[in-house]
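2 protein chains.
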Amino acid sequence: MKAGILGGGQLGRMLLQAAANYTVETYVMENDAHCPAAHLCHHFIKGDITNFDDVYNFGKMVDALTIEIESVNVDALEKLETEGIKIYPKPSAIRIIKNKIRQKEFYQSNEIPSSEFVITKNIADLNDHHHFLPAVHKIGEGGYDGKGVQVIKNKDHITKGFDAPAVLEKMVHIKKEIAIIIGMNDKGEAAIYPPAEMIFDPLLNLLDYQLSPAILSEKVLWKAEAIALKVVKQLNSAGLFAIELFVTDADDVLVNETAPRVHNSGHHTIEANYCSQYDMLWRIMLQYPLGNTKPILPSAIVNIIGAEGFNGLAKYEGLAETLKIDNAFVHLYGKQQTKPGRKMGHVTIMSKDYQDLTHKANKIKHLLKVVS
Amino acid sequence: MKAGILGGGQLGRMLLQAAANYTVETYVMENDAHCPAAHLCHHFIKGDITNFDDVYNFGKMVDALTIEIESVNVDALEKLETEGIKIYPKPSAIRIIKNKIRQKEFYQSNEIPSSEFVITKNIADLNDHHHFLPAVHKIGEGGYDGKGVQVIKNKDHITKGFDAPAVLEKMVHIKKEIAIIIGMNDKGEAAIYPPAEMIFDPLLNLLDYQLSPAILSEKVLWKAEAIALKVVKQLNSAGLFAIELFVTDADDVLVNETAPRVHNSGHHTIEANYCSQYDMLWRIMLQYPLGNTKPILPSAIVNIIGAEGFNGLAKYEGLAETLKIDNAFVHLYGKQQTKPGRKMGHVTIMSKDYQDLTHKANKIKHLLKVVS
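The listed protein sequences derive, respectively, from chains E and X. Quick note, this note's numbering runs 205 ahead of the 1-based positions in the first sequence. Quick note, this note's numbering runs 205 ahead of the 1-based positions in the second sequence.
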């Protein structure tokens with residue numbers, strides 16, 4: 206079986222580490238021949254994943270295709286699908302998700318709880334919605350990694366909005382932010398991972414680290430699982446999905462966003478769950494049985510992010526100290542260049558003791574810095 | 206840092222899966238461009254690992270070198286070492302180990318307990334040692350995976366011996382066969398893994414599966430650890446070593462053989478220990494701190510071996526059933542062709558319950574077959 210991945214970043218890299226447990230022949234397409242995944246596949250093809258011809262020609266080389274980023278040429282994927290190439294997820298699911306307006310409309314039309322919203326065509330439209338503030342303005346297409354998202358607290362902030370089709374989402378008071386990963390196979394069988402919980406720095410409002418399984422009441426857990434599963438069922442596509450959810454002060458569960466691919470919130474599954482999210486996607490693509498989503502031990506993830514003020518050849522301060530922590534697993538993505546905010550790696554910590562997870566996560570946050 | 210691996214089999218494959226957690230630039234040399242490791246490195250070089258020029262030229266491309274098989278050109282490695290290339294293990298250690306006669310003499314001269322032996326120059330020599338039988342005849346150089354080893358029960362079996370320099374080892378009554386993996390860094394610090402225990406089929410005397418940690422009395426454990434550590438200290442080389450040991454009926458511990466590289470008996474460490482043997486070797490080569498050898502959970506390994514009577518394109522019978530076992534981790538080595546006895550993959554099982562390990566190992570033994 207020949208399988209292709211559109212995109213060659215760290216998610217592709219970890220997919221390929223997992224692929225080497227099977228006999229699959231792997232193909233990767235990405236513009237940069239030095240990307241994190243380029244050297245770990247059987248066939249690397251330099252190309253533009255947003256270009257119709259590049260994606261189409263790449264897809265014709267393989268039996269099955271997946272993505273590690275949504276910003277791919279969906280028209281080419283749709284043509285490939287009609288020609289019998291299996292695509293995980295289906296192009297129709299990518300088309301819904303990659304546009305934030307269409308994604309919100311999808312939740313609404315399928316009665317999937319999510320925050321209230323209005324659609325804005327341009328920045329002037331925002332003036333019709335003063336009553337809706339505070340809110341979050343999200344550009345319809347082209348946002349990535351926090352870009353394309355603006356908080357509009359009051360009417361004085363309207364100038365920060367996007368002068369392009371976008372969605373204005375009413376701010377909700379949230380108690381927790383969680384993520385659930387679900388794998389679905391061609392038969393429609395689903396494997397649901399325990400939710401992971403995002404822990405934010407209360408001062409900077411930055412994702413500090415992640416804990417899994419999330420600490421939730423049974424009622425909230427069931428609600429969250431049911432809603433996440435409904436998202437995947439209604440997308441009506443096999444593949445691997447990450448559903449980000451808000452738990453409100455009133456214990457309501459709302460979908461924030463869905464990613465139709467392996468996801469940052471599932472990195473811990475490599476060591477901490479019987480079947481990793483990467484292994485799960487291969488099982489789905491190779492028509493193998495779904496894997497076991499149970500945790501071996503609870504875990505935390507600390508992301509290794511390029512430090513502010515450093516651009517250039519990456520150096521890892523505190524790496525040796527981090528590697529001495531006896532229940533930490535270091536993953537560096539092999540990116541030569543660092544820049545502020547760039548995802549350069551992650552560390553997973555495993556422990557039956559949540560206090561140990563929190564303590565070690567904070568320790569690593571302070572120890573490990575990517576400079577240049 | 207540029208690191209090279211001599212040999213591109215499954216051990217190289219798993220080394221490269223682990224390397225992708227770091228920023229190391231990887232090189233592999235092997236004769237076969239379709240070998241299990243070829244597509245997982247940055248630079249694959251087709252070459253003969255037993256040829257002086259091939260090994261020398263390969264070594265000049267990198268900062269550090271390791272091996273995944275002993276049958277490499279040691280002369281070239283010695284020259285590279287004098288020219289400043291770091292080699293794990295040292296060529297002097299490979300030279301001792303790759304010749305079974307020299308290996309036995311090394312144990313003897315260092316007062317490391319091992320079975321009694323005599324050296325034979327040719328088959329006629331065996332007639333001088335009738336009193337020494339039953340014994341095991343091992344060819345000095347060129348043995349691999351059970352080839353080059355003959356059991357000589359009595360003088361009628363002498364014709365099965367080797368007509369070449371060899372070592373005749375007195376048969377010992379053993380209670381258990383165990384293996385200990387040890388990583389040693391350039392500073393001489395050592396990390397010792399818990400022993401693994403080989404479980405043999407009592408009828409066929411074949412390795413059936415492996416359990417780890419081995420069930421040993423504290424006294425035997427300490428003895429085994431001390432002896433294994435002495436082997437590595439006396440080899441006086443950084444690197445990753447597997448020491449195979451016999452526990453006799455009298456609870457004596459004898460060294461059987463040493464491998465100066467990552468080893469089949471350490472596959473379970475990928476999932477079941479905090480730091481895998483592969484990760485450990487990278488830590489040593491990259492001058493990182495040693496990792497944590499503790500088990501996360503006890504584990505078993507079942508080797509997936511080409512079935513008798515099948516030669517050709519490999520097919521895996523019972524793979525789907527095996528993948529349904531909820532605490533099993535399947536590793537296929539990506540070898541296209543199967544033949545009887547060929548190592549095609551392995552399955553690791555993790556459980557806190559040894560009975561569950563034994564039960565699942567036996568189940569997988571009967572389920573999973575490599576045919577053609």
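Honestly, the hints are just simulated from the structure, not real lab data. Mixed in with the good hints, there may be bad ones.
One copy or any two copies: either way a pair holds, since identical chains are not told apart in the list.
Dumping the calculated EDC-like pairs for lysine to aspartate or glutamate here, alpha-carbon to alpha-carbon at most 20 Å [as the list claims (entries may be wrong)]: (1) Lys520 - Glu230; (2) Lys499 - Asp558; (3) Lys568 - Glu288; (4) Lys326 - Asp259; (5) Lys326 - Glu288; (6) Lys520 - Asp268; (7) Lys284 - Asp531; (8) Lys392 - Glu526; (9) Lys284 - Asp237; (10) Lys424 - Asp457; (11) Lys499 - Glu526.
Status of the hints after comparison with the structure:
1. For a Cα distance limit of 20 Å, the shortest separation of Lys520 from Glu230 across copies, 15 Å, qualifies, whereas the shortest one inside one copy, 33 Å, does not.
2. In the homo-oligomer, the alpha carbons of Lys499 and Asp558 lie at most 20 Å apart both inside one protomer (17 Å) and across protomers (17 Å), since each shortest distance falls under that limit.
3. Taking identical chains as interchangeable, the C-alpha atoms of Lys568 and Glu288 are never at most 20 Å apart, the minima being 52 Å within one chain and 41 Å between chains.
4. Neither within a single protomer nor between protomers do Lys326 and Asp259 lie at most 20 Å apart by alpha-carbon distance, with minima of 31 Å and 65 Å respectively.
5. With identical chains, the CA atoms of Lys326 and Glu288 are never at most 20 Å apart, being 36 Å at best within one copy and 67 Å at best between copies.
6. For the homomeric pair Lys520 and Asp268, the shortest alpha-carbon distance between copies (19 Å) is at most 20 Å, but the shortest distance inside one copy (39 Å) is not.
7. For a Cα distance limit of 20 Å, the shortest separation of Lys284 from Asp531 qualifies neither inside one copy, at 49 Å, nor across copies, at 37 Å.
8. Only between protomers do Lys392 and Glu526 lie at most 20 Å apart by alpha-carbon distance; the minimum there is 17 Å, versus 46 Å within a single protomer.
9. Neither within a single protomer nor between protomers do Lys284 and Asp237 lie at most 20 Å apart by alpha-carbon distance, with minima of 25 Å and 37 Å respectively.
10. Only within a single protomer do Lys424 and Asp457 lie at most 20 Å apart by alpha-carbon distance; the minimum there is 10 Å, versus 58 Å between protomers.
11. For a Cα distance limit of 20 Å, the shortest separation of Lys499 from Glu526 across copies, 19 Å, qualifies, whereas the shortest one inside one copy, 30 Å, does not.
In summary, the numbered hints that this structure violates are 3, 4, 5, 7 and 9.
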